[in-house]
Amino acid sequence: MFTGPESVLPGPFRVTEAAARAVAAATVEAAELLQLKGIDPGPVSVDRRHAAAAFRSERYVRLDGEPLPGLWDPLTGDYRAADGWVRLHCNYPHHAEAACRALGTKDLAAAVAKRGAEDVQEAVLAEGGAAAAMRGREEWLAHPQGQVLAESPLVAWDSLGPAPVTGLSTSERPLGGVRVLELTHVIAGPVAGRVLAAHGAEVLHVGAAHLPALPGLWADTGLGKRSAHVDLRTRAGRDTLWRLIGQADVFLQSYRPGALAGLGFTAERLAEARPGIVVAELNAYGWDGPWAGRRGFDSLVQLASGIAAEAAVDGPRPLPAQALDHGTGWLTAAAIMTALRRRALEGGSWRVRLSLARTGLWLDSLGREEGSAGELDVSGLLTRTGRTTHVRVPGELPGAPPCWASAAPEPGGDEARFGA
1 MFTGPESVLP GPFRVTEAAA RAVAAATVEA AELLQLKGID PGPVSVDRRH
51 AAAAFRSERY VRLDGEPLPG LWDPLTGDYR AADGWVRLHC NYPHHAEAAC
101 RALGTKDLAA AVAKRGAEDV QEAVLAEGGA AAAMRGREEW LAHPQGQVLA
151 ESPLVAWDSL GPAPVTGLST SERPLGGVRV LELTHVIAGP VAGRVLAAHG
201 AEVLHVGAAH LPALPGLWAD TGLGKRSAHV DLRTRAGRDT LWRLIGQADV
251 FLQSYRPGAL AGLGFTAERL AEARPGIVVA ELNAYGWDGP WAGRRGFDSL
301 VQLASGIAAE AAVDGPRPLP AQALDHGTGW LTAAAIMTAL RRRALEGGSW
351 RVRLSLARTG LWLDSLGREE GSAGELDVSG LLTRTGRTTH VRVPGELPGA
401 PPCWASAAPE PGGDEARFGA
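For the record, in the sequence shown the residue sitting at position 283 is 283 according to the UniProt record's numbering, with numbers rising by one throughout.
It is worth saying that the hints were derived from the structure and are not from the lab. Heads up, a few of these hints could be off.
Stated by the list, open to error - Calculated lysine to any residue pairs in the SDA-like style (CA-CA distance at most 25 angstroms, straight line):
(1) Lys106 with Asp119
(2) Lys37 with Gly348
(3) Lys106 with Gly116
Claimed, not checked - Ranges between beta-carbon positions, derived for each pair:
(4) Lys114 with Ala213: 28 to 38 angstroms
(5) Gly116 with Ser379: 44 to 54 angstroms
(6) Thr3 with Glu415: 38 to 48 angstroms
(7) Glu410 with Glu97: 21 to 31 angstroms
Note that the coordinates shown come from a computational prediction; the quantities given were computed from them, not determined experimentally. Positions of the beta carbon are idealized from the N, C-alpha and C atoms, including for glycine.
Use the sequences and the hints to build the structure in full.
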């Protein structure tokens, strides 16, 4: 099933292997759906180099041959504190403002240097920002949140109640006829939706004009989707979302726990409104424990969970890819396809939950390696869709080769409805 060298990325963690396994999980599930339709999927295989490139896809995307705005704001970074290191995530303006408020200055480096890392972390979080102090692996495993995660499954499953069997469409693509309503941001959730689109799902991404966005990421993760703006602060916006839920097969969301539920969009109410729906939810630190509601991003989880402390010399050592984001995204897509297959065989409404921190424990469980010292060779792995050059969909599925039919649309440029 796997081809290519076992390691093509630097660092002690087996990120190449994690990428290959996550891509394989989704591709195998797509093959299972084809078989259920009576279509021979052909031999599934995953090239490790291709999977690793997909885990760094935002690095290679180009628009008309030109690179897009970078992912990191100048204020985002690892800061030396009085007793260690802390990372501040300032890619969104409101997070940058929160960090400056918490520290009382825009000279973040000077302010952090005078305080303890945990103190900075908690002060920034209290202001509505995003931060994480670096701790070692053993510290994380002993931490209350690390202990909860160690007892949690990689993919948590819940039944949301009975519903009639919903058969698969006659489409020759694994997810043809499947409607996905995606309310996600940054990388993990959008990657999950992008994978579903690659296998034929109709994916409608719902955002809002007033919410911050990262254009460079959208060009990469918006491939194959449509995009509509809906303001959930208004009654009309919430009514629109309920209308879309009534037509959706999948509801995919990656907002901070409680954000959508606070507006009435709980998994249980979704299942009542749309029996047979598959609800997929992602977050940073897991769904139970003291940090369950804490906001976080891949780079923050790497520091908090001991990953960035592995082989650290003069400061945190990040993974060679946003592997927690991409890994969680691909595994979520696989879990959604499993739920859709179960729905076709036995009915029911289903919920799947994943988190970046739990994916981090899975990566940790794969062991260590010396890694590759060279730059990843992406020759032959790029293609062009419209004006966008990007990494091709990894994972060979001869019976229905995955692909994106369109480049990322203008954010909010489509109507809030299914059916192109």
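Against the structure, the hints come out as follows:
1. Proposed proximity of Lys106 and Asp119 is supported: the alpha carbons are some 17 angstroms apart, at most 25 angstroms.
2. Restraint check for Lys37 and Gly348: the C-alpha separation of about 19 angstroms stays at or below 25 angstroms, so the hint holds.
3. The suggested pairing of Lys106 with Gly116 holds, with an alpha-carbon distance near 18 angstroms, which does not exceed 25 angstroms.
4. Judged by the Cβ atoms, the range 28 to 38 angstroms given for Lys114 and Ala213 holds: they are separated by roughly 34 angstroms.
5. Separated by about 47 angstroms at the C-beta atoms, Gly116 and Ser379 satisfy the suggested range of 44 to 54 angstroms.
6. Evaluation of the 38 to 48 angstroms hint for Thr3 and Glu415 yields a pass: the beta carbon distance comes to about 42 angstroms.
7. Evaluation of the 21 to 31 angstroms hint for Glu410 and Glu97 yields a pass: the beta carbon distance comes to about 27 angstroms.
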